[in-house]
Amino acid sequence: MFKKSIVLLTSSALAFSIFLPFGGSELYAKASSNNDVAVEVSKNDENLKTSVIVPEIEQPSITPEVGQPSIEPYGVKSKAVVKVAQLLKAGGDEVIDLAKAFNIIDNATAKTFKNNSKKIGNYLDKFENAGDDAANMVRTQLPVWLKENTRMSKGVAENISIAVAWAIRGADWLFF
Amino acid sequence: MGNETVTDWLAKNMISDENINFIETVLTFTSSVKMLAEKQTLINRNLQSLFPNKKAMIKPDLTYQQFTQILKDNDIEVNPVELLNKYRSQGVCVELCDELLIQVK
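Quick mapping for you: the protein sequence lines, in order, are chains H and R.
With the first letter of the first sequence counted as 1, position 88 gets the number 88 in this note's numbering; the numbers rise by one all the way through.
With the first letter of the second sequence counted as 1, position 50 gets the number 50 in this note's numbering; the numbers rise by one all the way through.
Simulated from the structure, these hints should not be mistaken for lab results.
Where is the CB? At the ideal position from N, CA and C, for every residue including glycine.
Check each hint, because a few of them may be wrong.
Said to hold, decoys possible - No more than 20 Å apart at the CA atoms, straight line, and that leaves these computed lysine to aspartate or glutamate pairs for DMTMM-like:
#1 Lys72/R <-> Glu18/R
#2 Lys54/R <-> Asp132/H
#3 Lys86/R <-> Glu4/R
#4 Lys34/R <-> Glu94/H
#5 Lys154/H <-> Glu4/R
Said to hold, decoys possible - Derived list of chain R stretches under chain H, where covered just means 3 residues or more per stretch with a C-beta under 8 Å from a C-beta of chain H:
#6 3 to 11
#7 41 to 53
#8 56 to 67
#9 89 to 97
With these hints in hand, go ahead and build the complete structure from the sequences.
The structure is reproduced here in structure tokens:
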């Protein structure tokens, strides 16, 4: 009698542990104390699907070091070019009057500069991400562009470019 | 010959773009410091950062002697009188060029 009871008890326990998981509920494996990953097992009519849940890893943000200029997709922004371009687009008086007062350019150059101020200001936009090279690039490229897009002489085009390069190089102590 | 600019002349004399930019910065910054003497230190710091490998001191009373020394110190081999005359004729830094050229013996 006693033996029969033991057999009955053991088989009941076995049946319980085998059949209960298939009762339609989801089973979660217990994570051991050292395991960070939870394994989810769910029953499907046809298959047993498993998926692993991985905790989201935060992507490190890349920030520039303190004191470094911010990096734009296409180069380093030149505050000076932006400022000079803005002043020229607004009529150019602030730049051209200073260039005359400081005897950088003569009156003839200043007059032509004034007549083409907005055009030149718009052209300078292409150098706004040229960083420290901006003034040198303007000095080289502006005379060529002026010759191709205006009727001014080579000498005047060069003088205006010298003045614009001066304004960009000295922007910190001229305009800021 | 009439169409030759100061840059054309400098390039013909084998002066590099970097040295042309340097010469023009010295001339334009010197012209500026005459009107902004209180910013002399800032202007010189600016020059240093623009041309870290060059030696020059911007001052309102720059002499012709000092200007030729700047050219020499930076291995710029060009006739200083001709250089100043070219810039003067073209209309760049006319007053400064006149001041320096007057000192030539």
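Which numbered hints are broken by the structure, listed smallest first?
8
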